[in-house]
Amino acid sequence: MEQIDNLKELINQGDVDTAIKQLDQLLQDNSVEKEKDTLYYLRGNAYRKKGDWKRALDNYQYAIELNPDSPAVQARKMAIDILNFYHKDMFNQ
1 MEQIDNLKEL
11 INQGDVDTAI
21 KQLDQLLQDN
31 SVEKEKDTLY
41 YLRGNAYRKK
51 GDWKRALDNY
61 QYAIELNPDS
71 PAVQARKMAI
81 DILNFYHKDM
91 FNQ
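Note that full-length UniProt numbering has the sequence shown beginning at 1, numbered continuously upward.
Calculated from the structure, these hints are not laboratory results. A portion of the hints provided could be inaccurate.
[Claimed, not checked] As a list, the in silico EDC-like pairs of lysine to aspartate or glutamate whose alpha-carbon atoms are at most 20 Å apart:
| hint | residue 1 | residue 2 |
| --- | --- | --- |
| 1 | K34 | D17 |
| 2 | K50 | D81 |
| 3 | K36 | D58 |
| 4 | K34 | E2 |
| 5 | K8 | D58 |
Predicted, not measured: the structure shown is a model, and the values here were computed from it.
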């Protein structure tokens, strides 16, 4: 799907707001049912790049629920590891 490659490029270039808008529209389209896990994974990547960790983790979880073999499994684990590393003392104040 050429749109997925274009979305990856937008995210890599840092144009995450445009990518998120396009992903939101695509996820409303029933004709992309087979790619929905990939779209959620990409939207998770876009939110992660924006620093919106909650939405990133939520989107990774949606992707995992649709496809347990999604690359979102590793991305979610890495995001949680990063949050645990950087925020480990947040609750000890």
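So, going through the hints one by one against the coordinates:
Restraint check for K34 and D17: the C-alpha separation of about 24 Å exceeds 20 Å, so the hint is violated. In summary, the hint linking K50 to D81 is supported, as the alpha carbons are separated by about 17 Å, within the 20 Å threshold. Distance hint between K36 and D58 is fulfilled; the C-alpha atoms sit about 14 Å from each other, no more than 20 Å. With a CA separation close to 14 Å, the supplied pair K34 and E2 stays within the 20 Å bound.
With a CA separation close to 19 Å, the supplied pair K8 and D58 stays within the 20 Å bound.
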